[in-house]
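These are the residues of each chain, in order.
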Amino acid sequence: MSVYPYFVAAWLMLVGGYGIVRSRNLVHAVVSLSVAQAGTYVLLLAVGYQRGALAPVFGSTTKPNKHVVDPVVQAMTLTDIVVSATVTALLLALAVQVNKRQGTPDPDELQALKG
Amino acid sequence: MSRSARLVVFLIGAGCVAAMFAVAFFKMPAFGGSMHLYRDLAVPASVSHYTANVVASVNFDQRAIDTLGEETILVASVIGAAVLLRPAEEEAEMRPKAVGRTLEATKLAGYLLLPVTLLIGLDVVLHGQVTPGGGFQGGVILATGLHLLYVTGSYRALDRLRPLELFDTGEAVGAAAFAGVGIAGIVVAGNFLANIVPGGTFGQLLSAGTVPILNGAVGLEVGCGIVVLVAHFLQQDIIISAQAEQAKPGGSSEPQAGERVGTAERS
Amino acid sequence: MTTGQLMPLMIAIPIVMACLILAAGSYLPRVVTDILATATAAGVAGMAAALLIHSGHSRVVTWLGGWRPARGVSVGIPLVADPLNAGLALLVAGLVSCALLYSWKYMESVSGRFFALMLLFLAGMEGFTLSGDVFDMFVFFELMGAAAYALTGMKIEDKTAVQGGLIFGVVNSLGAYISLFGVGILYSRFGQLGLPQLGAMLRQHRPDALVIVAFVLIITGFLVKAAMVPFHFWLADAHAVAPAPVCVLFSGVMVELGLYGAARVYWVAFGGTIPHADVTRAFIVFGALTAAVGAVMCFLQRHLKRLLAYSTISHVGLFMMGFAVLDDDGTAGAALYVVGHAGVKSALFLLTGILLNRYGNVDEHRLYGRARGDRLTACLYFAAALGLAGLPPFGLALGKSVTEDAVAVAGYGWAPVLFIAVSAVTGGAVLRAGLRVFGGLGPRPALESTAGAGEESTGGEEKPETGGLPRTPVTMLLAIGILLAGSLAAGLLPDAGQAFAHAAQRFTDAAGYISQALSHAGAAPPRPDPAVAWTGEGIGLDFLSVALALGVAFLGLYARRLPAALRRSAAPARPVIAVLRQVHSGHIGDYVAWLFTGIASLTALLGLPLL
Amino acid sequence: MNVLIVAALTLVGLAGTAVVAADMPERQAVTLSFFGLALTVLFMAFQAPDVALSQLGVGAAIVPLMVMLAIRTISQRPAREEEAGSGEDKASQEEVLPGRGGDPP
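Protein chains in written order, with the working numbering: chain A, 1 to 115; chain Y, 116 to 382; chain Z, 383 to 993; chain G, 994 to 1098.
Treat each hint with caution, since some may be false.
As the list claims (entries may be wrong) - Below are the SDA-like pairs computed for lysine to any residue, each with C-alpha atoms no more than 20 Å apart in a straight line:
id	chain 1	residue 1	chain 2	residue 2
1	A	K63	Y	R277
2	Y	K222	Y	L152
3	Y	K142	A	S2
4	A	K114	Z	I395
5	Y	K142	A	K114
6	Y	K222	Y	K142
7	A	K114	Z	S967
8	A	K66	A	Y49
9	Y	K142	Y	L152
For the record, the hints were derived by calculation from the structure and aren't laboratory data.
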């Protein structure tokens, strides 16, 4: 149990890479890239977790204490999610334009950049 | 390379990388352990600045330049999408034809949900430093909420009630406000992105100094940015189509009947 | 207003100005946005120069938000400037200013947004250069990336531009996410993200598997950006299609930033724990491989921009070997080499942009003898081409001689041979293209009927970026002149060599970096700066490489007229060339497969001797 | 508490594999949205409410919407592109469709 979350994170990263290598559609390749990135979310949050600890938000019920989950990995994962959303949008825009210019979204049939 | 050769090369590489990961994972501290050095530093630092939500304190106070970089990535991507999805030289924007009819029930639900969603989004933005949520999450809720107009009405209704220039300016103002507060930190306290506003009382709406201000700037920026982003994807799908297709007598695709309103005709 | 406060301003001001241009762009006339953008870049260059002068005495450190470190740990993010990265920040701002100056009469349809993206690109590069925090470097790495993907794919009417931008985006982002994976692994044990803190903690640890794997994963993203061999495929596709001023930033400094990031992370964080010998051997091997593959592919190209892109890949291989010897001489030589190369290569890209604007394509065979008319462009081109081949007064020649000497002294006697061969082949390819386009020398190349017979990109159908200007505007020639003058200054200024030597000595002094960042202690007792100056032997080798380059150029022009016996001797090379061409296939799946194989081979080369 | 985490992790792993395996363009947006929801559940199990909320908003709503719009644009496009832009390789077919608009240069 102590390393299972890390292996799930590594599995997502490698499956995402496999998705890009095998994909027949550029949108599918971009979606697989975001799956690979989800591997980093799982790894970061797994590294910051503490058994029995609560969320790092204090209020009237929970007085400030140190028995909370690591907030810094959550901040890093938040930034990572924003990066994922925006870079995915940019790459989808490029994929749409590639399909418009070369008539096919399949990377195998793209002829433009050779040699 | 052929597909199979590519797969073989990948599997060899991925196999070794998987072995690498395994070796490293068994050397890492066990999952759920209690040794978190950065947390032991971040929690007291957050409490010292009267911020109840420690994640918001890390995001907007202790490591604020990460969030500045993150929001600038959002601005760069929205500008990039706007540049990449503009109508090409030989394309033009058609007036979208009213297609299909929305159910009365959906319309009613939409009109009821719209103000509620916008209110929730605003609440999530403003309470960023007290409860889970914050500028980014609230901005996303606001952006998706606005698109209820499209669900209930038609694209033309959405287009009329959502002037893109206003949202472009809103996004730019949000990003500039974030950097401006940072520069104000230098002017007032000599440190970029310093928490220069008095802390207020712990756990209340007015607490945590500049965190709510930065949350508001990010909320404005993300809300406008995602509306512009989705708008460009909607435009690309609904109203931009190739010029040559327009000249064809028959026409299978639906924007056929729309007359051209485009500005970027090929001279 | 201390210099410490300058650093965050160098990041924040371009962002604010980009937002201003974005918000008010449609109301302001075109000239005002041009001036605003160029003035901002020049302002940042001025700040970088002030920072460089001040960091000469002692490193400039600022902890953002006032979160000072206590007992060696902190919650804040440090921005640290020593002479090397302040110089790099100055080079970044200078190149952006020249690129913006060049692109005044540019791409009417997206003008305001083009300048906003260039300023955000500048902010990203400045942030990456100055940051002293691993996760912060990842964030600015992604900001550089996002702006670069959009700028690459900007000419959406050109089918190669959007495909090059997509490939560039997917491969670089995957590299960045693998870097973040490494940061996560390292964070699990040490709980800190700042380079000074990590360096202090890592010094007390023996290098076990976690440290090695984390190191390889973190620098993978930077090495993808630096186009090391198995990761380099995206670079030629992205460079060949980006607008000329954007290529200036890619080849001039963005690729070198990847190398700087890897070197900085190694020196400060991992330098005390992973032994220097293993790192040196690994990166000499990969550097030599990169230089060789880049040079061969450069000679095979007929698309001018791809030719220059492969020349950049081969020169990055040489820079990597300079940094890999991990001593002051190598670092000083490599830094000088980077600055000299940036000026010359940027000028060549801008000249190719002029050719594209006037004649509508960048295909060497199609342009045969067409540019015979304009003298000025021709002599600028040949000055830059000879500079690339290693003509002495240029900073590139001084950098090459110092670097090859440092690598040879470090025990790799064969290095000068490789340096001269690579300079000769890449310089020769550029000279061959120039002689064909400007001089019309050599037999007229046979033009195949269809543009690009599918086996290689020829650049025949590139879209001109401006409306076919009758006369080259003076701003374009001014930008090219400044770049060439910069490269010359790096070679001719009397104390330039010593300045680079001092910068290298402070860069490799990791203990000083850590102690000054964490506790603001005084600078460590300075070690003697290495001697970096023109040497007789260096100048001799430089002239040799220029002569060889001219030989290679004429070989390329008159290959068909060689006696049959000589041409048969080149027969064994044909299968290798065929394999190389096939491997550079422009397919996104291939590049990702090679990316994972590259990570595996880098770990094997680095980790196995340690087990 | 551990059972929930193990279950959520397994669900995320399977959902990620499903997204990669979904070749048909139509199914990609839905599987991606399901993967986003699985991640949201996992983040709640990891005691990370902020991250769960933003993953819900982005990973389950905005990105799948953009993927769906991109797929719709691509699936409609070849129908037009084939007729309009297929000049160079199917030159012989030109005469068969008289009166067709010229190719976009």
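Hints the structure fails to honour: Of the numbered hints, 1, 2, 4, 5 and 6 do not hold.
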